[in-house]
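Once you have looked at the hints, place chains B, C and D on chain A.
Single-letter residue listing:
Protein chains: 4
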Amino acid sequence: MPGSIFGKAFQVSTWGESHGRGVGAVIDGCPPRIPLDERYIQAMMDKRKPGQSAASTTRKEEDRAVIMSGVFEGMTTGTPIMIMIKNKDAKSDSYKPFANLYRPGHGDFTYQKKYGVRDWRGGGRASARETAGRVAAGAVAKAVLEMEKIKVTAYTLELGGVRAKGIRAKKNHLDSVYENPYLCPDPDAAVAMDKRVCEIRQQGDSIGGIVEIIASGVPAGLGDPVFDKLDAELARGLMSIGAVKGVEIGAGFEAAVKTGSTNNDPVLPEGFASNHAGGILAGISNGDDLVMRVAVKPIPSISIEQTTIDINNQPETIRVGGRHDISAIPRINVVCEAMVYLVLADHLLRQRSIQK
Amino acid sequence: MPGSIFGKAFQVSTWGESHGRGVGAVIDGCPPRIPLDERYIQAMMDKRKPGQSAASTTRKEEDRAVIMSGVFEGMTTGTPIMIMIKNKDAKSDSYKPFANLYRPGHGDFTYQKKYGVRDWRGGGRASARETAGRVAAGAVAKAVLEMEKIKVTAYTLELGGVRAKGIRAKKNHLDSVYENPYLCPDPDAAVAMDKRVCEIRQQGDSIGGIVEIIASGVPAGLGDPVFDKLDAELARGLMSIGAVKGVEIGAGFEAAVKTGSTNNDPVLPEGFASNHAGGILAGISNGDDLVMRVAVKPIPSISIEQTTIDINNQPETIRVGGRHDISAIPRINVVCEAMVYLVLADHLLRQRSIQK
Amino acid sequence: MPGSIFGKAFQVSTWGESHGRGVGAVIDGCPPRIPLDERYIQAMMDKRKPGQSAASTTRKEEDRAVIMSGVFEGMTTGTPIMIMIKNKDAKSDSYKPFANLYRPGHGDFTYQKKYGVRDWRGGGRASARETAGRVAAGAVAKAVLEMEKIKVTAYTLELGGVRAKGIRAKKNHLDSVYENPYLCPDPDAAVAMDKRVCEIRQQGDSIGGIVEIIASGVPAGLGDPVFDKLDAELARGLMSIGAVKGVEIGAGFEAAVKTGSTNNDPVLPEGFASNHAGGILAGISNGDDLVMRVAVKPIPSISIEQTTIDINNQPETIRVGGRHDISAIPRINVVCEAMVYLVLADHLLRQRSIQK
Amino acid sequence: MPGSIFGKAFQVSTWGESHGRGVGAVIDGCPPRIPLDERYIQAMMDKRKPGQSAASTTRKEEDRAVIMSGVFEGMTTGTPIMIMIKNKDAKSDSYKPFANLYRPGHGDFTYQKKYGVRDWRGGGRASARETAGRVAAGAVAKAVLEMEKIKVTAYTLELGGVRAKGIRAKKNHLDSVYENPYLCPDPDAAVAMDKRVCEIRQQGDSIGGIVEIIASGVPAGLGDPVFDKLDAELARGLMSIGAVKGVEIGAGFEAAVKTGSTNNDPVLPEGFASNHAGGILAGISNGDDLVMRVAVKPIPSISIEQTTIDINNQPETIRVGGRHDISAIPRINVVCEAMVYLVLADHLLRQRSIQK
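Protein chains in written order, with our numbering: chain A, 44 to 399; chain B, 44 to 399; chain C, 44 to 399; chain D, 44 to 399.
Chain A on its own, in the form it takes in the complex (with noise of 0.2 Å):
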């Protein structure tokens, strides 16, 4: 049964895998009359691009979002946005070692013990390239959501065990996220973090972190009781991408350990006096700033030896080499942004249904 529909009122489905034709995703129920054009979906998807860290592939990788439906003279006609992105006649060669091998830490078993067979071209549908076209998706969700001045930014928290500071109390700690590859808004952090990717790099391991997201002019209102309330459908969108393993709400994991008397944010006629709950009550935002903590796990395709087996349960040893990544960070946090996007575009339109 299909999972690869996400929203209800601003609905994406995406379609493709790694070593197929194309990669892509539909957009349906986007409002009309919303100025969008390929520059503007290609900028995000930029941001997606390899290379731009020590800690991915130096592979080039040209992917051009191409608008194949929905756009009429530079604006959305209300009707399905198809945008594709067509693969490079990528050298599934590579994979052909591991055709018959489970890589540890991928989805290879899974998807055979789910399907009965999977396509072992660099990890078909379970392959990061399926988020091509989510970012696409968030990018027509960023320009319906920009007409009302909400903006999401993830930027990287810690990496390799480095942790940035002192960022939530500088002020505009947001602007600065672009000024070095790491997406880090602490510099001394990004410069400690490329270190440690370059150790680990020589290490032929791979290493995790911690991004953080922030939603600002988010109005109150938006998220709907008592499933899809905004946190869970925002805990979905994040954990549904392939290396996050784990997300927090505001004070997340913090707020285990707290009391209410230092949990509750005060009531100030201005507005909320700190952000414990991370923008969201009773799962309906309230005003406030999203904050969200995604978990991201190491890379698992490592050139250090593993343990595993083969499709007829024979143990082996595997090696994943080649230009693997050695973190999804930074190359993940646009993902995340758009994950967040598509929570918010959805429940914008969501909320349009019920006023008057």
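Please keep in mind that the hints were generated in silico from the structure rather than gathered at the bench.
Some hints here could point you the wrong way.
Which copy is meant is left open, so a pair is good if it fits within one copy or across any two.
As the list claims (entries may be wrong) - In silico DSSO-like cross-links for lysine-lysine, where the CA-CA straight-line distance does not exceed 27 Å:
{"id": "1", "residue 1": "K208", "residue 2": "K301"}
{"id": "2", "residue 1": "K213", "residue 2": "K131"}
{"id": "3", "residue 1": "K194", "residue 2": "K156"}
{"id": "4", "residue 1": "K192", "residue 2": "K399"}
{"id": "5", "residue 1": "K134", "residue 2": "K156"}
This is chains B, C and D only, laid out in the frame that chain A set:
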């Protein structure tokens, strides 16, 4: 737009609010010929009852689940099962003083912003009372999953800063969960938790904690790429519980500080050598136990004075007295179990639709 | 997989079967602050009552609709509205003789095939009793649409071969619908219908007919390309009523014998010069009245002997005696109205989500 | 809000408009390991080609369906199948004269009202061109159903008032459908249809007709009470085809003039003695052939002068010249087949989810 529906194949919707006539759930898509009666449902409902530990109120509640449809001669018929729990003539008078005030940490403010109106009696739809319907539905899911030997257990890992120790190392730690009122498999920690709860009660404050949930017997192959990944759905389901502010799968936030070589679970002919994945790879169950944790915030209703505003945006102070729980734990534990049961029942049926 | 849900923005699910504890509906997505009370719902429910014409049984039924949630102080709150109608202690004994027989024209056979079991008491979920929940939900939709001056009226166009004449030509023919128990705007036809019903009753047989439904005040722009065209959704909604075997929009089957030049409705500055389109062009309302017709099959329960089999596939004969209706018309008329209200409320809210 | 999705288990969404870059469909939920290739899809696409009878234009179209994802080594993988049909560089210039005019019988007026904008090039999303995606998706559904020996055939029952005779009486009438370009199993009627089409072409007018669709091999038990009854879904699917104005199941409108004793299908140990039900009882298939008919309106584009208005509400006249079809029949027949295939594939998978 509706947000009260959960699941696609095994589909549950809940209805009802705190001080209305009742709460309940409609379960649609349940396979026919599953043995089910009210006693079975009641047994799960009773785990939600207050008064089992010092952390919850001593208020007497006799939540009796009544099957209104969909079951005939002790078996499900395949048609919608409606389960109703009537509300007692609850004293909404005790909420009158807050009718014009926004209680910090509650949904009062956001419901008002969303709907332009709110049911101020005991939180209305945002009340934890809504979860009674979820637990009733969860019991139906449990009945379906029991036939497949799938079992979900939630226990208290941490409460008010007191953390259970060594429990994963223990054999059969799940069997000891119900041996103390805190549902904590570490009996020493349970004693310390009780002490902490009593201190906090004295202070008129409240505490949070962490619940760990284990699903055993889950076959490999459940979960649908890419947005309905099993972990994404679990995250949504768990985060949709009012007090939950964070969700982790397997290693969770720990994964962020590991390397690929230590985080990947080696694959052996007899299974995985470790379970940092939490039983899920690329969003699909791998046959190992599912392992999840949720961060539970402290109960926002405290008798300590807090700063707030009234509906006219004037500054006020508030003391939310009454017989409130000190912590959502351990009553919330069975709600976590219910949500995991719902996700698993849904994906079990979804998986059947593509098999033959 | 669940089939008991209708609508996407204004979403209705019904639950309950003929001889269980009750039937009802959950309405989710209804905008807040719509005036609503039980009296309003009951007024629509009463149009479904038996005993108003000779075509229905004289059985007394006091279907009382009770609002269980979602309404507070006479207004909708925006959260799920559950409406329950308890079943009387219906005598399922009268169905005992048929417990092992498949009644021709009924769902006994197909439910058994689908579920491997059936609730033989009065048709279970396939009973027309399920429509009580639809009418209750339809009343809520009506309340929403009334604020936009949208009104739906269903009347009897044909019954047992007797056809109403000249009614579209009449000014205000909709006002005369309730002047006779057959809900037929042609009083002469109503008299002939009554005569026909009495003859058929004598014969122990039953009859069908045609109901025409007009929705006035519908703004242009409702309906979503391409599968959720307004006419597609109306067709689904109307065909989902048990006895309906055909649906027409506007000219309907007449359109098949027309030419383009006679079927196209000329467009004038003041509106369309004719309405062969039935108020819908390319699946979207054009501002004109919506015009639909449904073919209603004769009630399958007749006291004439029929050929059938038992659950062991042995040949049998059956006489389904008892107090059955002679025709689903006119009691079905309000169910048609309800379904059209549901479709229109849904698309009204859907349209709002893409407007600003 | 999105209306481009059809089905719940076997889920299809179409994208694309008449004169954009292409049209296509995403099929999600298709079981894995179904043999599928482009040739198989193309064979069904070719039945939609123009130029096969005098009723359609002689325009050359080479609609080539390309599988972009979801198929690997000649088999479905279980992940989304995207099929794309590129648009030729169609001359939208021929639509320029109508850019500011509402063509009678078309969606120009309603799209403008709905979206505040329209893609005037050849009807945009309302164009019959969108159905290319449906047929491609229908071919995938057909591949799934073929493994169960389920087959759908649509033929022309009536065209421009000429009705096929005696066809149901014929043994194997379905085999003769493709023996003439009108897809009419009565060869004499086909000749008369051709004559009628030529007359109408002379007059610059257009005609409608009736298509009958038979699904054979359908097992008992498909369809879900109560809103997703098999007939309700078929009605929705068929009515969602642009030119369709009426849908009948089994006896259809004939049922309205029958009595219960003549309309009920007697049940015999070897099956039903007649098939007025059209293979569906209480919304669930009974194992007999499904029988449906749709009323197809005449093509609205005619070269006879018509009365209309421009976008400034000023009176105008219009002649929609060019190479338009005289009738949507017989090209629409395969679209009807596709929609029935989609409904059946969906319900086949849905039924599996509740079986074991």
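Task: Violated hints - listed by number, lowest first - done: 2
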